[in-house]
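Q: Next come the chains, spelled out residue by residue.
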Amino acid sequence: MTKKPFLLSPQRLVSGPRGPRTLDCSVDYCTRCNACVQSCPSYLLHREEAFSPRGRNQILRLLLECKIKPSDNEPLLKRTFFSCQLCARCSAACAGELPVAEHVLALRRAGGWSSMPRLLVYFMRLYGAHPLVFDKIISGILLLRRAGILGLLRISGVLSLPFLRWGAHAHTILPHSLRTLRTVLKKQKTALTPDNPQRIYLPSFEAQYADTNIGLYTLQLLKDKPAHILLAQPSGLFEYLYGSETISLTQAKNLLTRWEKLSARRKLPLVTDGLETYLFLKHYPLLFASLPGWQKRAEDFAAQVKYITELPLCKTGPAGTTNAKTGLDISSVLYPSDTIAERTRKILKTHLGKNFVECEYSRFVLPVAGSAFAEGYCAREVTLENVKDVSRQQLEQVYCLSGWAALELNAALRRHYPQARARHWIYVQAEP
Amino acid sequence: MRISHRLLTQLQRLLGPENVLTDAISLALNGYDCSQSRHRPDAVVTVRQTTLLEPLLCLLAREKMPFVARAAATNHAGSCAAVQGGVVINLNPLTDIYRIDTAHAVAEVAPGTVTGDLQEALAPLGFFYAPDPASEKVSTLGGNLAQNASGARCLKYGNTSDNTLSIEFITPCGEIFVLRHDAPGPDWLGLIAGSEGTFGLIKRMQVKIQPAPKHIKTFLVTFPSLADSVQTVTDLVAQGLIPRCVEAMDQITVRAVEDFAHAGYPTDAAALLIIELDGELKQIKQEALCLERICRDNKCLSFVAARTEAEREKLWRGRRAAYSAMAALAPNVAVGDGTVPRSQLPQALAQVRHVIEQNGVTASLLFHAADGNFHPQIIFDARSPQQNRRVHKALQEILRTCVDFGGTISGEHGVGVEKRALMAYQYSRETLRLFQKIKDAFDPLHLANPGKIIPLGFEEKAAPHTETNPAVLTLAQDIKNRFIQKQPSVVLGANSQLKSSSAHRLSTAPLNKILDVDKTNYMAVAEAGVSVKQLLTALHAANVYAALPASYPGTLGGLVAAKAWAEFIPHLTGIEAILPNGDIVRYGGKIMKNAAGYNLCRLFAGSAGALGLITKLTFKIYAQPLPQIDGPARALLDFAPDPLFTALKKQLDPDGLFRAAPFGGTHD
Numbered sequence: 025m026t027k028k029p030f031l032l033s034p035q036r037l038v039s040g041p042r043g044p045r046t047l048d049c050s051v052d053y054c055t056r057c058n059a060c061v062q063s064c065p066s067y068l069l070h071r072e073e074a075f076s077p078r079g080r081n082q083i084l085r086l087l088l089e090c091k092i093k094p095s096d097n098e099p100l101l102k103r104t105f106f107s108c109q110l111c112a113r114c115s116a117a118c119a120g121e122l123p124v125a126e127h128v129l130a131l132r133r134a135g136g137w138s139s140m141p142r143l144l145v146y147f148m149r150l151y152g153a154h155p156l157v158f159d160k161i162i163s164g165i166l167l168l169r170r171a172g173i174l175g176l177l178r179i180s181g182v183l184s185l186p187f188l189r190w191g192a193h194a195h196t197i198l199p200h201s202l203r204t205l206r207t208v209l210k211k212q213k214t215a216l217t218p219d220n221p222q223r224i225y226l227p228s229f230e231a232q233y234a235d236t237n238i239g240l241y242t243l244q245l246l247k248d249k250p251a252h253i254l255l256a257q258p259s260g261l262f263e264y265l266y267g268s269e270t271i272s273l274t275q276a277k278n279l280l281t282r283w284e285k286l287s288a289r290r291k292l293p294l295v296t297d298g299l300e301t302y303l304f305l306k307h308y309p310l311l312f313a314s315l316p317g318w319q320k321r322a323e324d325f326a327a328q329v330k331y332i333t334e335l336p337l338c339k340t341g342p343a344g345t346t347n348a349k350t351g352l353d354i355s356s357v358l359y360p361s362d363t364i365a366e367r368t369r370k371i372l373k374t375h376l377g378k379n380f381v382e383c384e385y386s387r388f389v390l391p392v393a394g395s396a397f398a399e400g401y402c403a404r405e406v407t408l409e410n411v412k413d414v415s416r417q418q419l420e421q422v423y424c425l426s427g428w429a430a431l432e433l434n435a436a437l438r439r440h441y442p443q444a445r446a447r448h449w450i451y452v453q454a455e456p
Numbered sequence: 082m083r084i085s086h087r088l089l090t091q092l093q094r095l096l097g098p099e100n101v102l103t104d105a106i107s108l109a110l111n112g113y114d115c116s117q118s119r120h121r122p123d124a125v126v127t128v129r130q131t132t133l134l135e136p137l138l139c140l141l142a143r144e145k146m147p148f149v150a151r152a153a154a155t156n157h158a159g160s161c162a163a164v165q166g167g168v169v170i171n172l173n174p175l176t177d178i179y180r181i182d183t184a185h186a187v188a189e190v191a192p193g194t195v196t197g198d199l200q201e202a203l204a205p206l207g208f209f210y211a212p213d214p215a216s217e218k219v220s221t222l223g224g225n226l227a228q229n230a231s232g233a234r235c236l237k238y239g240n241t242s243d244n245t246l247s248i249e250f251i252t253p254c255g256e257i258f259v260l261r262h263d264a265p266g267p268d269w270l271g272l273i274a275g276s277e278g279t280f281g282l283i284k285r286m287q288v289k290i291q292p293a294p295k296h297i298k299t300f301l302v303t304f305p306s307l308a309d310s311v312q313t314v315t316d317l318v319a320q321g322l323i324p325r326c327v328e329a330m331d332q333i334t335v336r337a338v339e340d341f342a343h344a345g346y347p348t349d350a351a352a353l354l355i356i357e358l359d360g361e362l363k364q365i366k367q368e369a370l371c372l373e374r375i376c377r378d379n380k381c382l383s384f385v386a387a388r389t390e391a392e393r394e395k396l397w398r399g400r401r402a403a404y405s406a407m408a409a410l411a412p413n414v415a416v417g418d419g420t421v422p423r424s425q426l427p428q429a430l431a432q433v434r435h436v437i438e439q440n441g442v443t444a445s446l447l448f449h450a451a452d453g454n455f456h457p458q459i460i461f462d463a464r465s466p467q468q469n470r471r472v473h474k475a476l477q478e479i480l481r482t483c484v485d486f487g488g489t490i491s492g493e494h495g496v497g498v499e500k501r502a503l504m505a506y507q508y509s510r511e512t513l514r515l516f517q518k519i520k521d522a523f524d525p526l527h528l529a530n531p532g533k534i535i536p537l538g539f540e541e542k543a544a545p546h547t548e549t550n551p552a553v554l555t556l557a558q559d560i561k562n563r564f565i566q567k568q569p570s571v572v573l574g575a576n577s578q579l580k581s582s583s584a585h586r587l588s589t590a591p592l593n594k595i596l597d598v599d600k601t602n603y604m605a606v607a608e609a610g611v612s613v614k615q616l617l618t619a620l621h622a623a624n625v626y627a628a629l630p631a632s633y634p635g636t637l638g639g640l641v642a643a644k645a646w647a648e649f650i651p652h653l654t655g656i657e658a659i660l661p662n663g664d665i666v667r668y669g670g671k672i673m674k675n676a677a678g679y680n681l682c683r684l685f686a687g688s689a690g691a692l693g694l695i696t697k698l699t700f701k702i703y704a705q706p707l708p709q710i711d712g713p714a715r716a717l718l719d720f721a722p723d724p725l726f727t728a729l730k731k732q733l734d735p736d737g738l739f740r741a742a743p744f745g746g747t748h749d
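Keeping their order, the protein sequence lines are chains L and F. Quick note: to get our numbering, add 24 to the position in the first sequence (first position is 1). Quick note: to get our numbering, add 81 to the position in the second sequence (first position is 1).
One chain only, chain L, in its complex shape (with noise of 0.2 Å):
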């Protein structure tokens, strides 16, 4: 088999939140003033220059500029720009919002790399383009999981072949009781096409097949109008963060147009769950930057997108009467949110008064997008640096704006501290 020759162009766009420039310019922009340095995760757990945004960035300037061949350092420059856990939290640092993460995912792309298993790439991508045969190999994967069968594989070891070890962390972050969100709404005989849909409901992959109570909740948020359900519709994150850039852009482009015929003239607002989801989404028009005919149409669509914190609690309950100390994690993938965890906490404070510890518990990004399933990340040790976090804190539980983040988080809060849990925010919808 030949090998993928690295073909990094200095001329590549990537974009920012400064515009698109060529990945040269981009790379051109860092001053090295190593404002981003603690701000990112795997420069925290590494403490090595290697291991941060400033010297990744001046690693992609030595390779554009041809001072050190790829071939020669693959392997460090592997684990470097695979510890990358791609928050964009440095660009949030950085005085000229350098998209590092942009600059990451290019270098990937330019090796041909992944870190992501094959397989569940391959597997993911039925989850678009064939979503009935989805459902039914992961209804079958749930039977195996309900009889045993799976806990009997990584008991015998079978699950920690490296081509299967995603499996084995599947099975370790699921909760036991797992059904799909098509099965429960079925059940539930709830329209996912009603009549004269005044909303568009766009549920997470976490929310449909790995914790269906997110997806129900946000249903109950959006009870006062109707609104359409879009099952196994992807947003092309994962393709965009594993997989094909280009396959990426075709599922943007069949959600945008889902959206606008759903919409039908009226720009109707569509609501995710997910933060990383809802902030790609948000991030539209900069995927469609090179297409000038997309451009104006993914501005559009990214205007009517709503995250579910901006939607009103439903609660019955009345409000600070939940007595655990709370704390709330943001962690997100390629884009800063500090919009919506300002206005989030704002609602947990009205919600949770004193009891809601009002600060950002920690400086580690918990693996969302599935990033833990990847190989290289160092995803068990930034969620074993939040639990640290948790336990020095005190905390009792933890709402995470993502679902992944929720399960990571909570699973190894089940194995090193039980005295907290961590779940999706929208479980305050639930509290009494």
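Hint data in this document are derived by calculation from the structure and do not stem from the laboratory. This one's a predicted model, so the numbers in the text were calculated from it and none came from an experiment. Glycine included, every Cβ here is placed at the ideal spot set by N, Cα and C. Careful: at least some of the hints might be erroneous.
[What the hints assert, rightly or not] If you only want the chain F side, here are some residues facing chain L, beta carbon under 7 Å, derived:
#	residue
1	Asp104
2	Ala105
3	Ala109
4	Leu110
5	Asn111
6	Ala153
7	Pro174
8	Val219
9	Ala408
10	Pro412
11	Asn413
12	Val414
13	Gln432
14	Tyr703
[To be verified] Taking CB as the label site, the calculated pair distances span:
#	chain 1	residue 1	chain 2	residue 2	range
15	F	Gly239	L	Arg438	49 to 59 Å
16	L	Phe30	F	Arg83	21 to 31 Å
17	F	Ala463	L	Lys93	37 to 47 Å
[What the hints assert, rightly or not] With a straight-line cut-off of 25 Å between C-alpha atoms, the simulated PhoX-like cross-links for lysine-lysine are:
#	chain 1	residue 1	chain 2	residue 2
18	L	Lys370	F	Lys395
19	L	Lys412	L	Lys349
20	L	Lys378	F	Lys295
21	L	Lys373	F	Lys289
22	L	Lys349	L	Lys330
23	F	Lys218	L	Lys412
24	F	Lys289	F	Lys218
Dock chain F against the given chain L, drawing on the hints supplied.
A: Relative to chain L, chain F alone:
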């Protein structure tokens, strides 16, 4: 320099193979900082325990391998670029905060502790650490001390050196010393602060922490001219009103910042000040009234007080966004750093603007108005050699302007390799020779961060010292003759500390003039032989005060040389001295900050006349009496000269001609 396989193996055995890197990427990534300098080391080692520092330096010394300590590498001077190769020591993992003792107002930390992390740890306890360099969220305490960084709060609370109580210091040979400012003998800690790692490594630090002020009030004041804004600051100091910080911008900068951050700054004013007061509410109210009166007397265009925390945050947003505003305009920003006497600031800034225009570069000008310290931020594209040349030329000319105005080429960023050549413009050949000897004493093999601070070929490039004071010239000639004839000297002031009837006495009695009481810069200049009592009488007559004890019987020079009143030493800003070989050296002046070169004020403080004869001192004066400036002066203690002193003495006075009893000399 190529690193030997044997040394690499030994390093790997000591630190672990994963902590010794020699690959091309790691070498390139540890060869830069925030400046334009790039120099690859031969190896990079990461130290994860402070206990490994000592054996590491011993090993490197044995192999004669140069090393450069590197932490956050946020300096703008190329201070941690490995210009002569060698080993870069990554100190970033040493982040422990060992102890916070609020009862004794001390925190004990490892050198890699991020300044912002210490602040975060102190905040819940109601305490804070005073120095606040702009990079405090990422820079480390060890790095701050190595550069003697300061920040906006420097005027009221001092720089990193002033806020460091003690350090554990390792010399390039691996010897450990515990150093304090108030220990007998020269103030080694004060000398090491700002030495940019050229003397060795800091292993552990004890820093001063303070109760956080209960209230802070922020004001935005605009002026029709730069001169008015600077006069306002002078008047504030004259009134004894020391703000927490006084940050300033000129009109061009205000416009750039306002376009970018929309902080609500008026763009029609020639100068803008952000002034912050802190303390008790009642005191702040009184000070605010005084501040408003002074601002209005100086024709301020607007005087706005932040009423809420949100408003305060908004006022600061613009100042904080100044760098971002420039960074948004071009790929690279070169941040300069120069200091002039405060009274010279308007003229110096006008000249700097002229230089900027002449060189066709775009720059913002931010300044700490109270310190006379300013930072031009020049934007450019480093890919263009032409722009690179223009920016380099403009920066050089700006720094020369600072020196021409009686200032220094660095107020807080240090010299490193970027400003090294300009040291020959600022300092005389004799002073640079002294710097070299100090370096040789600490680091005879030139292993610690070699090639920094001291310019190459300074014997040819730097001008010789010119002295016009006949008394000093006579003394210098006398000392030179004694040096040639190998005759001993016992430096004496008023015989109050060091009693001697030696025939070889060298008296400072002819140096008995108070040269200047400058109420514009609030600095005084006096010769060393002036008695403290006489000096205080003259200062009181001029309605100013100094941090000197009224009951001290001796001379000013004697007080400093004996470190009889250690509290006075931080108030020194300039010194002139004659070395045992007759060379006259000069450091500092009427400048509030000086991060260029080794701090000679701290070297001669406590030297008891064994390293040279102090001839002239410049120090801060105040409009209001300072609290508790009196008490018993410390007597010169009999202590065995430590190895640092012995090494330095060997460099400066190899024949031991300058004799002082406390350091093992005799009065014969």
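Q: Taking the earlier hints as the rules, which of them does this structure contradict?
A: Structure breaks hints 13, 14, 17, 21, 22.
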